[in-house]
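Protein chains: 2
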Amino acid sequence: MRILVVGSVALDSVITPFGAKDDVLGGSATYSCIAASYFTDTGMVAVIGDDFPENHREFLRTKGIDTSGLQQVPGKTFRWKGKYGEDLNSRTTLDTQLNVFADFDPELSPPHRQCPYLFLGNIDPDLQYSVLQQMEQPRFVACDTMNIWIDNKRESLLKTLHKIDLLIINDEEARMLAATSNVLHAAKKIMAMGPKRLVVKRGEYGAILFGPRTIFSVPAFPVENVFDPTGAGDSFAGGLMGYLANVGLEDEFTLRKAVVYGSIMASFNVVDFGAKRLGELTFTEIESRYREFIKITFYENFSKDNEMKLNLLS
Amino acid sequence: MRILVVGSVALDSVITPFGAKDDVLGGSATYSCIAASYFTDTGMVAVIGDDFPENHREFLRTKGIDTSGLQQVPGKTFRWKGKYGEDLNSRTTLDTQLNVFADFDPELSPPHRQCPYLFLGNIDPDLQYSVLQQMEQPRFVACDTMNIWIDNKRESLLKTLHKIDLLIINDEEARMLAATSNVLHAAKKIMAMGPKRLVVKRGEYGAILFGPRTIFSVPAFPVENVFDPTGAGDSFAGGLMGYLANVGLEDEFTLRKAVVYGSIMASFNVVDFGAKRLGELTFTEIESRYREFIKITFYENFSKDNEMKLNLLS
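Chains A and B, in that order, are what the protein sequence lines are. Position 1 of the first sequence, counting from 1, maps to 1 under the numbering used here, and the rest follow consecutively. Position 40 of the second sequence, counting from 1, maps to 40 under the numbering used here, and the rest follow consecutively.
Bound conformation, chain A alone (with noise of 0.2 Å):
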């Protein structure tokens, strides 16, 4: 296993301008595993109650996903309920049921331990601090994170960012955990803080990366029908780090290509209920989505050849 993704699975109830649904298969791991699950070998840890659909479960295998790590307790599984405003943009909580995410306490098997990329998505920083004492010398871990944890529990927030190489946050909270408004500045707090570089996202904007001594910035792609936004950030983050195992390498480049890979998995999220678009994608779709990405943000002729301009534009 090259990817082992810690998080929440949920099952949502979401209430878009263009319709609702009850029940969508969500989740912070659910989205990044199965938006990695295109580009390696990926394993999930999470908690689900004893209410959760086995078709759901079924569903998360035939993406090739390793669920031995979601383990299944007495109780309900994880809900929330969330409203769309008309632009999509406004999104208002109106039901949060922990259920059995209030225990979880991720404990990782033997060959958990030793993927070489993980992945924390947004849960209790101390339970992303346990997961990381219990890996083996992973070779790359990101981390997400959200307001509730960089106001509630700060101080194990800033325990776990010192062991981390890469944090996906987004605008909102990068300017919350640095305290500061400028982007730039909000940057260079937070790598002070520990983690190697940091991607802003910032939604239909596009997303920033950063790093010791460099600045990749790149828009969004732009999605003429966005339908449902819920899980689009964990959709950036697992094909951000699906890429990146699937190279191998963490230069500048892989991680400005993972970026841009990032985006291409959030732009097919969002134009369905949950993760149904994302989960019945080809990776052949994801390329050809990659050459289109090329078409709409290249300005300098780096070759010279002429007849590769002509080709981007066609």
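If you're looking for bench data, these hints aren't it; they were derived computationally from the structure. Be careful, since some hints might not be right.
To be verified - Subject to a maximum C-alpha distance of 27 Å in a straight line, what follows is the list of computed DSSO-like cross-link-like pairs (lysine-lysine):
1. B:K189 / A:K189
2. A:K295 / B:K188
3. B:K196 / A:K295
4. B:K295 / A:K257
5. B:K189 / A:K295
6. A:K188 / B:K196
7. B:K81 / B:K257
8. A:K163 / A:K21
Claimed, not checked - Here are the in silico distance ranges between beta carbons for each label pair:
9. A:D95 / B:D103: 53 to 63 Å
10. B:H185 / A:E300: 23 to 33 Å
11. A:D95 / B:K189: 33 to 43 Å
12. B:R61 / A:R91: 49 to 59 Å
13. A:R91 / B:K189: 25 to 35 Å
14. B:V271 / A:K159: 33 to 43 Å
15. B:K276 / A:E300: 51 to 61 Å
16. A:E292 / B:T254: 19 to 29 Å
17. A:E292 / B:K276: 36 to 46 Å
18. B:H162 / A:K153: 18 to 28 Å
19. A:R291 / B:H162: 33 to 43 Å
To be verified - Short derived list, chain A residues pointing at chain B, Cβ under 8 Å:
20. D51
21. K83
22. E86
23. S90
24. R91
25. T93
26. L94
27. D95
28. L98
29. I215
30. F216
31. S217
32. P222
33. I294
Ideal placement from N, C-alpha and C gives every residue a C-beta, glycine not left out.
Chain A is fixed; fit chain B onto it per the hints.
For chain B alone, kept in the frame of chain A given last:
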């Protein structure tokens, strides 16, 4: 003269979190002309009152701008007063005094009528149309507008839009003009109104260029010390048009690079009050930032030349 810019010249009073300043040289024509002046011969058509400081006019002349169309009439110069919020993304207009600008009715001189490039800054669309009628077959016309005209002068605006090559507006204006929240839908609807192409400016997030069959999305150049965002959009338009007029082509690739140069001019403009920094640039600084821009946006190795790869990151 290569470019004619029609718009406002104002004396702005600006309050930012970092300080306040009265009677700063501002207005859409000012920022656009200064930005364009680094690339090509630029002429300004605007109106000022008899209170307009002679040193401001002299400053415009030192930038090589043809101010023969800067009409001075009895009365006071257009004044705007605004205040920026803590994060510089929100702006409140505290006072607007149109003064001599209220009766602005530009009449172009014979040399101005022959300019191949025309930028219609944000003024009443009836005036924009009147200027268009006076031009002798310009090669390329770009136009800006704002919420007031979209709301109150829609018919006049649509008449102008039928006659232009490129509309340059911001995100919010695009959504307003097209009455839709998705930027891709908005772009299609707007291009159906007449403009062959559209640039949607997204402030610190970048810009998107839409063509009949193409999309080019580019992030903004990240700026650490944003001080006063006034005039960023006009600097963007001026840089874009200046680059186009300099090259003398309007193909997709030239337009894409023009958008990047527009972004660069905006990035310089925001670091000091008014047009202070914008006005003191050298072309070497602009070219150097263009190379920086490539470094921060490059992810695909078109040339397969590893040396160039490394160069771009050094």
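Status of the hints after comparison with the structure:
A hinted pair counts as satisfied when its Cα atoms are at most 27 Å apart, and K189 of chain B with K189 of chain A does not qualify at roughly 42 Å. Distance check on the hinted pair: K295 of chain A and K188 of chain B sit about 18 Å apart at the alpha-carbon level, within 27 Å; holds. Of the supplied pair hints, the one linking K196 of chain B and K295 of chain A holds, its CA atoms being roughly 19 Å apart against a limit of 27 Å. Distance check on the hinted pair: K295 of chain B and K257 of chain A sit about 14 Å apart at the alpha-carbon level, within 27 Å; holds.
Distance hint between K189 of chain B and K295 of chain A is fulfilled; the C-alpha atoms sit about 22 Å from each other, no more than 27 Å. Pair hint K188 of chain A plus K196 of chain B does not hold up; C-alpha atoms about 42 Å apart against a cutoff of 27 Å. Restraint check: the Cα-Cα separation between K81 of chain B and K257 of chain B comes to about 34 Å, which exceeds 27 Å; the hinted pair is violated. The straight-line distance between the Cα atoms of K163 of chain A and K21 of chain A is roughly 39 Å, outside the 27 Å bound, and the hint therefore fails.
The hinted window of 53 to 63 Å between D95 of chain A and D103 of chain B holds, with their beta carbons roughly 59 Å apart. In this structure, H185 of chain B and E300 of chain A meet the distance hint of 23 to 33 Å, their C-beta atoms being roughly 29 Å apart. Taking 33 to 43 Å as the suggested C-beta distance range, the pair D95 of chain A and K189 of chain B conforms, at roughly 37 Å. Distance hint check: the CB atoms of R61 of chain B and R91 of chain A are about 53 Å apart, consistent with the given range 49 to 59 Å.
For R91 of chain A paired with K189 of chain B, a C-beta distance near 26 Å keeps the hint of 25 to 35 Å intact. Remark: the range hint 33 to 43 Å for V271 of chain B to K159 of chain A is upheld by a beta-carbon distance near 37 Å. A hinted range of 51 to 61 Å is violated for the C-beta pair K276 of chain B and E300 of chain A, which are about 30 Å apart. At about 22 Å, the beta-carbon gap between E292 of chain A and T254 of chain B stays in the expected band of 19 to 29 Å.
Between E292 of chain A and K276 of chain B, the C-beta spacing of about 41 Å keeps the proposed range 36 to 46 Å intact. About 58 Å separates the C-beta atoms of H162 of chain B and K153 of chain A, a value inconsistent with the hinted range of 18 to 28 Å. One distance hint, 33 to 43 Å for the beta-carbon pair R291 of chain A and H162 of chain B, holds here, with the actual separation near 35 Å. Hint on D51 of chain A is violated. Least Cβ distance to chain B is approximately 36 Å, over the 8 Å limit.
Given the 8 Å rule on beta carbons, the hint for K83 of chain A is violated: about 16 Å separates it from the nearest Cβ of chain B. A hinted interface residue such as E86 of chain A counts as satisfied when its beta carbon comes closer than 8 Å to some beta carbon of chain B; here the least separation is about 7 Å, so the hint holds. The beta carbon of S90 of chain A is not positioned within 8 Å of any beta carbon in chain B (closest approach about 11 Å), and the interface hint is therefore violated. Of the supplied interface hints, the one on R91 of chain A is violated, with its beta-carbon coming no nearer than about 15 Å to a beta-carbon of chain B, more than 8 Å.
The beta carbon of T93 of chain A is not positioned within 8 Å of any beta carbon in chain B (closest approach about 21 Å), and the interface hint is therefore violated. About 22 Å separates the beta-carbon of L94 of chain A from the nearest beta-carbon of chain B, more than 8 Å, and the hint is not met. Here the hint on D95 of chain A is broken, as its CB sits about 26 Å from the closest CB of chain B, past 8 Å. Interface restraint check: L98 of chain A against chain B, minimum CB-CB distance 33 Å, threshold 8 Å, status violated.
Checking I215 of chain A against chain B by beta carbon gives a least distance of about 5 Å; that is within 8 Å, so the hint holds. Among the interface hints, the one on F216 of chain A holds; its C-beta lies about 6 Å from the nearest C-beta in chain B, closer than the 8 Å criterion. The closest approach between the C-beta of S217 of chain A and any C-beta of chain B is roughly 4 Å, which is under the 8 Å cut-off, so the hint is satisfied. Contact between P222 of chain A and chain B, as hinted, is supported at the beta carbon level, the nearest pair being about 5 Å apart and thus within 8 Å.
About 5 Å separates the beta-carbon of I294 of chain A from the nearest beta-carbon of chain B, less than 8 Å, and the hint is met.
Violated hints for the displayed structure, listed by number in ascending order: 1, 6, 7, 8, 15, 18, 20, 21, 23, 24, 25, 26, 27, 28.
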